[in-house]
Amino acid sequence: MKSTWRPGRWLIILPPLLFLALFFLIPFAFAFKISFAETAPRVPPFTDVLSFGADHHLHLAASLGNYRYLISDEVYGVAYLYSLRTAFFSTLICLALGYPMAYAIARAPKSSQGLLLLIIMLPFWTSFLLRVYALEGIIRDNGFLNTALLHLGLISQPLHIMRTSLAVYLGIIYSYLPFMVLPLFATLEKLDPTLLEAAADLGSTPRRAFVDITLPLSVPGVIAGSMLVFIPAVGEFVIPSLLGGPNNLMIGRVLWDEFFGNHDWPVASAVAIAFLLLLVGPIAIYQYYNVRQLEA
Amino acid sequence: MERRSSAMLNSALFGGIAILYLPIAVLIAYSFNASPLVNVWGGFSTEWYGQLLHNRQLLEAALLSLEVAVAASSGAVLLGTLAATALVRFARFPGRLLLTGMVNAPLVMPEIITGITQLLLFVSMVQLIGWPHRGFTTIVIAHVTFCTAYVTITVQSRLAAADRSLEEAAMDLGASPARAFIDITLPIIAPAIISSWLLCFTLSLDDLVISSFVAGPGASTLPMVIYSKVKLGVSPDINALASLIVCAVGVCIVSAGYLMARGDRRRALETQLAARQ
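Taken in order, these protein sequences are the chains called A and B. Each residue of the first sequence is one higher than the one before, counting from 1 in the numbering used here. Each residue of the second sequence is one higher than the one before, counting from 1001 in the numbering used here.
Chain B with its partners taken away, still in its complex shape (with noise of 0.2 Å):
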């Protein structure tokens, strides 16, 4: 009974695991198609590869995509790691369930309604002061909104998990507040903020949804690029990209959950250290 009810889950996990993978397996090997005809195998070639390269519109909208990645990924781990700090340090302060809802609500909160109600706030905003015009800052904005709410709880849990003693012990040697943050915690508390900017600057790549419509007619980022030409079917080109997307996604992840992983280990073992001394 219990061996097999194992092999049942095991071959339930597996099964779920092949069908995460084969759509994305499949993709990757069309994208070496020699043939245009996306059903008809033509041969190993990588053409359409050669032509990403010749497309200009493809290449702009990646440049803005890969700016606003950086730009949002780098302020939402500034804002995060703040609201992490805030949130795990001070148990009470004013603020801290609005604080808390808003750092849990993007997560589920449906893309089209933060796009749709971000955008009305810029709009707004224009009418009343002047700024921000809709093109890369707005984006920016709307991109750090919703990555501050992952790196929030990525590096809550680390500082949730640090030893507040070590710190205690540097401010009690006399280091400023802020200074043994920065020289203890915050060496502790970094394979987390690397992480998340990773994961933030996946996420903003990918983005479709809220930046179509906070980016004015002026701006396209490459997902919706990408989108205007999905909308239209299955094409070789698309699938070169798709695969480069997938490619250069999946590094940021593996060295992300590397990161992690590492930092786990190294604390367990630093940890095993300090108890046998």
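So that you can see chain A by itself, here it is in the shape it has in the complex (with noise of 0.2 Å):
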């Protein structure tokens, strides 16, 4: 009967194998090469670093002056460490905020723990862009929240949040709280209620029973939400283009001006590249983890 299985096999697994292969892994390959060229006047706009010349031979004119470049001006750096560091906070309020969100649910009755679920799937599904705008029409000088202040009585002057880092921090939590609710929830669900009640019987507080037992077996959540908010946050664009300011400038920005602004493929590449190196390592975890939890 296995081998029955055999040839068809390859029908199943390689349509989808070698569309992912061509349409996702090998485009970093040309963005590593297209990374080496140099911009010209011409479609598309960049030199060949790798061409066939008059004698048929393979030419490299491979050029690391876009890195070079990342490395002198002091705006790509200022850039990736801006990224980090406001990717970083946002994941940690995510985490403050998500955790009892994610634990209220999984204490929830059985039966209107769909419903909650749902509830909180919707806006993670519903367009990113449209709620970002949302997201301003509160946070605007005459936006609600101001209105809403001022009315109470309780400012006197409306709160400039616009144009702020603040509003980046604000837009970030705004959009990927889901993210880091799901995971949390999915492994929080799974924990053994017996292990908090032998703790309980044993004489421990609720509390101590939360740190000792909760909270380590909820890590391999806390990492998936953690990556799942961390990483699409450092290469932000909507939030830092509609709600920073010009000094808040994040890299996803920065190789966005780079490529409409400055029409600079190769500069952009390299951004893209450099950016890809930071990320490699958050990756990797976020990809380990995701297999433990399938396997377990």
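No lab work stands behind these hints: they were computed from the structure. Certain hints may be false.
Far from chain B by the CB rule (all over 12 Å, computed), these chain A residues [to be verified]:
no., residue
1, GLU38
2, TYR69
3, LEU154
4, LEU159
5, LEU166
6, LEU177
7, THR194
8, PRO220
9, ASN247
10, ILE273
Beta-carbon label-pair distances, calculated as ranges [to be verified]:
no., chain 1, residue 1, chain 2, residue 2, range
11, B, ARG1092, A, ASN247, 36 to 44 Å
12, B, LEU1053, A, TYR69, 43 to 51 Å
13, A, PHE89, B, ASN1010, 25 to 33 Å
14, A, SER204, B, ALA1007, 37 to 45 Å
All values derive from a computational prediction rather than experimental measurement. The beta carbon of each residue, even a glycine, is placed where N, CA and C say it ideally should be.
Can you join these two chains into the complex? Each is in its own frame, and there are hints to help.
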């Protein structure tokens, strides 16, 4: 019976494998190659790194100029650091907000869990761009928040939130919170309640049991959720572009401007490759915990 | 202590949910504002919705986005179901680790990186083989790539939970493996397939960053048009459009969730019945 599967097997494996290899993996090789090219006034706007000359030999014209430029121009270093810092603190705040939410859903009656999850999921799937836009309606100088606070007499001047770092933080936390809650819930739901009962029987306070049992066992969910927030947040473009000011240069925005503003494709590729190298560690951690969770 | 911590947890949950929904609720409310000033309430009106119908640029972009979304989610459902089948059913094959990685990585990869690398591939391919020219085709290919990841993960979990012995029984009765898969397993995973199609549809309809890179100068999807308008600030006709999209997406997601939940319930019921017999 096994052998009857064999020939058909590759009909199942190959289409997704080849498609993803061609359109997801191989593009990185092209970006890597083009990051060594130079801009040129032609279509596409860069020089050939590899070419066959008139003598039918393969010529390599690789330039490290783009990488040297990334190091010498401090805009890039500043943007990388700002992106990492913003993503890191947003992830911490998402964790602080998301953990109790996930815990509350995990402890809710089974019958209402589905509905609660759907309520959390709904914004997660709703247009990202439109949610950021909706947030702008809240935090604008004459937006909902300021109008409400002025009306209540809590402030006498509108708060300037738009175009500041605070707006970028609020945007990331608001947009990525569901990414944190879902993996945390998945881990907390699997937690064996008898462990907590045993701890209570042995005289442990609920707080003690939480610290000694629940928290350590939820580490895989904490890591998966944190990576799901941190990695995309580092590369965020829409939020700093719509809510941030000129000082809130995140690396995604720098890459976008390099590409669409300066039309410098090789430098944009070098930014992308350098950025990817920074993310290899976090992505590897995410994959590791993901595979482990699937096997569990 | 127990009750107090419960109350605190629940208020954290409902506080969080309120934060998630408040901006959308305010946006929908203001889409019915008669006043063109976005911060002054000038009475109820559906004027902005009417204006949308006369905006050719928006309508064309919406049509393109819908076509892309249908094509991309159908392609992704096909590839993702195959990938899920391979990963669940074949414990060992060359490239398994590679496939697992390529299925999971798009979920966390910043869109801006995926977008630029895919564009560079398309441009290089045009130089080498003269295909694919930027526009509808490249947007669909790019969307299929990230949507496949979501389909694979959704279908994978459902397939792993499906009872393998039913399929084996069919094969013992003379069905070919393909026949057994189509007649037995496919109906079991159908809710997961349909709901992941709906999820891909909303993801594709929503994508701004990747589309902006791969679309090329000629084509503009709906999010690209919305982004260029939103860059200029909050405006009432975008409020109306946003409310329509949010409601459409909401319907998609709620039906996807309902399908999955109903599938779960039915399966639980069937298992119970089978156990009783």
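Flag every earlier hint the structure violates by its number, smallest first. Hints 6, 10, 11 and 14 not satisfied by this model.
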